[in-house]
Structures are given as structure tokens and as C-alpha cells.
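Colleague: Listed here are the chains, written in short residue letters.
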Amino acid sequence: MNEATLSAPIAKEPSAQQRIILDGLWFNNAIFAQLLGMCPLLGVTTSAENGLWMGLATLLVLIASNGVVSSIRHIVPKQVRIPVYITIIAAFVTIVDLAMNAWMHGMHQVLGLFIPLIVVNCTILGRAEAFASKNSAADSLLDALAMGSGFTLALVILGTVRELLGQGMIFGTVVFGADYPNMLMFILPPGAFIALGFILAIVNKINQGLEAAKKEQRQHPREVTL
Amino acid sequence: MSQRPWMNIDREQWQMVMALFIVGLLTTFLLALTDIFTHEPIAQAKRTALHSALTEVLPPYTNQPLDETLTIATPTLKDEHHLLYSARDANGNIVGFAWETIANDGYAGSIYILMGVNSEGRMHAMRITDHKETPGLGDGITKNQPWIDHFNGQTLNTIVWGVKKDGGDFDQFTGATITPRAVIKTLHQELLWFSQSRQQIFKAASTLNKEENHE
Chain A
1 MNEATLSAPI AKEPSAQQRI ILDGLWFNNA IFAQLLGMCP LLGVTTSAEN GLWMGLATLL
61 VLIASNGVVS SIRHIVPKQV RIPVYITIIA AFVTIVDLAM NAWMHGMHQV LGLFIPLIVV
121 NCTILGRAEA FASKNSAADS LLDALAMGSG FTLALVILGT VRELLGQGMI FGTVVFGADY
181 PNMLMFILPP GAFIALGFIL AIVNKINQGL EAAKKEQRQH PREVTL
Chain B
1 MSQRPWMNID REQWQMVMAL FIVGLLTTFL LALTDIFTHE PIAQAKRTAL HSALTEVLPP
61 YTNQPLDETL TIATPTLKDE HHLLYSARDA NGNIVGFAWE TIANDGYAGS IYILMGVNSE
121 GRMHAMRITD HKETPGLGDG ITKNQPWIDH FNGQTLNTIV WGVKKDGGDF DQFTGATITP
181 RAVIKTLHQE LLWFSQSRQQ IFKAASTLNK EENHE
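If you read the protein sequences in the order shown, they are chains A and B. Counting in the working numbering, the first sequence runs from 1 upward without gaps. Counting in the working numbering, the second sequence runs from 1 upward without gaps.
Some hints here could point you the wrong way.
[Claimed, not checked] Interface residues of chain A toward chain B, partial, derived using beta-carbon atoms under 7 Å: (1) Leu42; (2) Pro77; (3) Ile86; (4) Thr87; (5) Thr94; (6) Leu98; (7) Asn135; (8) Pro181; (9) Ile187.
If you're looking for bench data, these hints aren't it; they were derived computationally from the structure. For each residue, glycine too, the CB sits at the ideal point set by N, CA and C.
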């Protein structure tokens, strides 16, 4: 073995941009890692479709607010930044609310109050304060895209599990057939908590596995083939 | 100095005020713009939703019930008056009326019902337009089609208006009696009101027709 192979990093460290994407989608996922935005998560995920549209509405608001907050980060005085962020977020939520009411009337009826409630989703203010106010507009948009997609992913997963167990369907398509005794509890709020608990347990298990593999790699670098 | 207190505000404070002011101004402008663009589509979407619900609860018609509305006083009910959509056939004869009503004694909040009767006062069909009943239990009123269709063609005398638990002819749902009971009670009251106010309603409908002919 020559020197180059020995000194080469075992697993290539991800670039800053890749890091943002991985964090948003998985390692710092708004739901799985930060446990933020529980209200829409538990409230609307009675079906996969509801979860998907709620996630996409949040994603849209997040992209707009992160982009604007990042572009004005040098102008806004520190003392009033939170009211400014909230005003911006509330404006974009209202725009999404009106737009959905106009062009997706049926889904707007279903999601109802949860759309205006995106304003108080901690994920959005959290990203504005923790990321967009300190990073470039391009990175902030990427962060919004990753975080929003991660949030949507979590909502769709929980929505799918609840719809499947509660109604025997996925995205409105019957999976289990007519004989399936619908486990009503999973459509009701307690079922949301129970399903979320199991999903979080699985996520933690996967993360433990990843952590162990990383450790293994560090201790026995030569066994890993590149 | 004391007459001009704003002179005491330092530069930093001005920046804060201006930042909030400008952001407030811009977002207001943005929202006004969105409202201008969505106002018409929202009204249109609501109209479309109501229109498709009307075709389900009314007998076949050829006119535009949304444009032929009657306001009829309802002294016996909780609301002060109903807005009736009148359906006519090609000859201009009334084939039925539809109106929206609210059942207030559901399990969780108000249940909004759109109901249609034919010209004889026989119920044609009903649809729930909005409710907050428990998913999987009380929401059978929107999902249990046989139960919904059980109302079709009924009059005050063809069926006993109540859930089976109360000695009526309608099924209750497993784990949910309050919701169907509220819907049945409201529809029964409404049919009763219609049969009492029938002459008044038809009279109002005929004057509406005349007015249109004169135009």
C-alpha cells in the first residue's frame, strides 16, 4: 500500500452543501431530530395525502421566509429581528392560505385551520433564527428546501402509517381489502402519538447503527474498501 | 426640547422603527396584492363547490339555482330566515328547493347540511358540507353512503325520524349516536318547516319568476 491510500480520508467528508441537505432530510430533521412542529404533525396526518399537502405548504412558506430573512439579515437591527421574522412568516402563510383556498379548494377545506397555524410552527422561525439570519441566501434556500422536504417526509410517513393501520388504505387506495378490521385508534389523536413513538424508536435505532458503523470505520480504517 | 420628544430618539432606535415600519408596509402591500389575485378564484371555487353539491341534492333542473334565491322567514327555527335555491325544469316549473341548515347539537361543533326537497316536499337528498365530528366515528354522516341515501325520497310520514336506539328507523353508527341523532333531528325540523311554509315559499317563487319574465 502506498502512502496516498493510507492518508486518504476513509469516507469522504461531505461538503457544506451536502451537509445542509443531509441535516435537513435526516440528521437534523425537524420532526425526527428536533421534535418541532408537532401540532401539524399530529393534527393533520390522518391520511398520507393530508400529510403530503400540509408538508408542501410548510415547505413553500419555509423557502420564502428563509430566502427573505437571509437577504435582509444585514439591514434588520438585532433587537427587532424576531418581530420582523414573524411578520414575514405570517405574510407568506397568509399568501399560501389564500392561494390554496383559491386553487385547491377541496384540500383547503380538509386542512382548514392548520394552514394558518403554520405561522406558529417552530420549525420556520427556528430556521430563520438559527440558519437564515447567519448564512447566505443561496445556502438558506437550500436549507429551507432540505428542512421542508424532511418535514414533508416525516408527515407523509406518519400519514401513511396511520392511514394504513386505521383505514387499510394508502393515498386513498385500498391495500388491505374489505376484511381488514380498521384500527380506528390510529385515526384518532392517541394513535398519532403511538405511531410517532414507534417511528421515532425506529429512527433512533437506525441512527445508532449509523453511529456504530462510523466508529467501526474510524477504528479499523484499512478494512474498508473505497 | 420637551415639545419635540422625537428629537431624543437616537439613530439606533430610528433604525428599529424604520425596519419594522418598512417590513410592515411591504408585507401589507404583498397581502393586498395576493387578495386582489385570489379574490375572484376563491369566490369561484366556493361557487363551484356549492354548485356541485346542489346538483346532488336537487332533482334534475335546467336553471341556475344559485341565481334564483328566495329569502324565507323561519319563525319556528333557530335561524331567522333561510336562503332557498330554487330549481326549475325547462318549462320554468319549480322542481325543488335546496337550502343550507346547521345542526348545532352534534358531538363537536356545528354540522352544516345542504338539503334538497322536491316540489311535493319530499326530501330529495342531503349532503354534509362542513363538520368537525370524530374521524372514523361521527364522520359516517359524510362517508356512510347507505346511511346518507336513507334520507332520499322520505317525507314526514314515510319513516320514523330518529335513530334506532330512540325507536326511529335510521341506523346509528358504532360508537357514535349523537352525530346521526343531531342530523336527523335537524332534517326533521326542516321538513316540518317546509311543509308549514310551503304556500309562502311557492308564492315567493312565483313572484320571482314573474319578475324575471318582465325583465
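Colleague: Each hint: holds or not?
Modeller: Status of the hints after comparison with the structure:
{"no.": "1", "hint": "Leu42", "in the structure": "violated (13 Å)"}
{"no.": "2", "hint": "Pro77", "in the structure": "holds (5 Å)"}
{"no.": "3", "hint": "Ile86", "in the structure": "violated (10 Å)"}
{"no.": "4", "hint": "Thr87", "in the structure": "holds (5 Å)"}
{"no.": "5", "hint": "Thr94", "in the structure": "holds (6 Å)"}
{"no.": "6", "hint": "Leu98", "in the structure": "holds (4 Å)"}
{"no.": "7", "hint": "Asn135", "in the structure": "violated (20 Å)"}
{"no.": "8", "hint": "Pro181", "in the structure": "violated (12 Å)"}
{"no.": "9", "hint": "Ile187", "in the structure": "holds (4 Å)"}
In summary, the numbered hints that this structure violates are 1, 3, 7 and 8.
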